[in-house]
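> Start from the sequences and build out the full structure, keeping to the hints where you can.
In my numbering, the protein residues as written are 107 to 437.
Since the hints were made in silico from the structure, they are not lab data.
Note that the structure is a prediction, hence the values are computed from the model and not measured.
Certain hints may be false.
[As the list claims (entries may be wrong)] For lysine-lysine, the following DSS-like pairs were computed, each having C-alpha atoms within a straight-line distance of at most 27 Å:
| no. | residue 1 | residue 2 |
| --- | --- | --- |
| 1 | K169 | K425 |
| 2 | K274 | K425 |
| 3 | K169 | K434 |
| 4 | K382 | K411 |
| 5 | K169 | K408 |
| 6 | K434 | K274 |
| 7 | K178 | K425 |
| 8 | K425 | K411 |
| 9 | K434 | K382 |
| 10 | K369 | K178 |
| 11 | K369 | K408 |
| 12 | K369 | K382 |
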Amino acid sequence: MDAKGKGSKCACQGEDAKDIIQSFTIFDILWRSMVIVGENMLNAGLARAVENFAAVMLPLTEKDLELEWIWKDHGEEGIRFGFFVTIQELRQLAVELASLRTPPTSAQRILGQYHAQYMDVQAAVFGLSTETAERAPAEGEWPIPRIYAHMLGADIGFSAVVRYALDKHRAGLWTPERMSDEEQMAIIGLTEEEYDLLMGSPLEELLAFHRDFHHRILAEFSSITDAELELPSTFWEETRFPIRHRLHRFESHMIQHTVQIDKTLVAIHWPPTETKRLIRYLFAALAEVTLNLIGAEGLEEKCSKLTEVIASRTAEIEKIIRHINREKTAE
Numbered sequence: 107m108d109a110k111g112k113g114s115k116c117a118c119q120g121e122d123a124k125d126i127i128q129s130f131t132i133f134d135i136l137w138r139s140m141v142i143v144g145e146n147m148l149n150a151g152l153a154r155a156v157e158n159f160a161a162v163m164l165p166l167t168e169k170d171l172e173l174e175w176i177w178k179d180h181g182e183e184g185i186r187f188g189f190f191v192t193i194q195e196l197r198q199l200a201v202e203l204a205s206l207r208t209p210p211t212s213a214q215r216i217l218g219q220y221h222a223q224y225m226d227v228q229a230a231v232f233g234l235s236t237e238t239a240e241r242a243p244a245e246g247e248w249p250i251p252r253i254y255a256h257m258l259g260a261d262i263g264f265s266a267v268v269r270y271a272l273d274k275h276r277a278g279l280w281t282p283e284r285m286s287d288e289e290q291m292a293i294i295g296l297t298e299e300e301y302d303l304l305m306g307s308p309l310e311e312l313l314a315f316h317r318d319f320h321h322r323i324l325a326e327f328s329s330i331t332d333a334e335l336e337l338p339s340t341f342w343e344e345t346r347f348p349i350r351h352r353l354h355r356f357e358s359h360m361i362q363h364t365v366q367i368d369k370t371l372v373a374i375h376w377p378p379t380e381t382k383r384l385i386r387y388l389f390a391a392l393a394e395v396t397l398n399l400i401g402a403e404g405l406e407e408k409c410s411k412l413t414e415v416i417a418s419r420t421a422e423i424e425k426i427i428r429h430i431n432r433e434k435t436a437e
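Have a look at this one:
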């Protein structure tokens, strides 16, 4: 299936519409580096610290992970233990935030589930080079950028449907008719040429665009009420599914194609190393922190202490690695 819903092989026919980017243009976002941290991201400082930690650890071999590193009373498990300490600290912070905030609404819980899956796919492709990403697993099968463009296009389509339904219901003007091309273009904010450029972009540019767009989804839809979740919406199907269904589709569709990405990575001889497996757990722990900030106010400052701790730990481990590398070079 291409990014506009043509020739679908998956059960999401027609779900790849266009997006709701109003204040950003494609050229503001597309050419940024491949990172998980965006300007609109909740707890951006902590996310940046976690990503930097992951980037330092990513190239390490299993033997490298055994390099001596001491944390409090733990000194026998090497640098590898830095992962476990950091993951535990993120989990502890998530529990603390959950205890301090007002209970999340149903919409916020759904968005949290979606965010967890979004972070899982970011972990899956973390560190993947443009050259490697372009390899097709077999003749006629999609390379990673094509799969990712499909996922991004679906997120864009789901978002347009939800926004259109919400706007119409809130104005008392909803009908079961599909949005017209004119209405769709008014929502999207991109020309056909810009959208096509996005869908054909290299992986790092798709990731950069999705990063900002994803966090706009979290911010915009976190205010949806329980009553609004039950309101009908119109997409390509005959069934007028409630908005609740549309929000859940973000996660379920992404799971479907995360599995496809995992299989493709193995097929192109880029299977997960131990560090990649640990980074997946690391990003999952970070995701839990973020989902406890969705729709909450005044809690982001609670992340600042751990941000400093992780940044300091990263510098400490990086120093150890540089020292070992210098010794190897001297030999």
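> Decide, hint by hint, whether the structure agrees.
We went through each hint and held it up to the structure:
no.	hint	verdict
1	K169 / K425	17 Å, holds
2	K274 / K425	56 Å, violated
3	K169 / K434	14 Å, holds
4	K382 / K411	26 Å, holds
5	K169 / K408	35 Å, violated
6	K434 / K274	65 Å, violated
7	K178 / K425	18 Å, holds
8	K425 / K411	22 Å, holds
9	K434 / K382	24 Å, holds
10	K369 / K178	39 Å, violated
11	K369 / K408	38 Å, violated
12	K369 / K382	15 Å, holds
Hint compliance for this structure: hints 2, 5, 6, 10, 11 are not met, and every other hint is.
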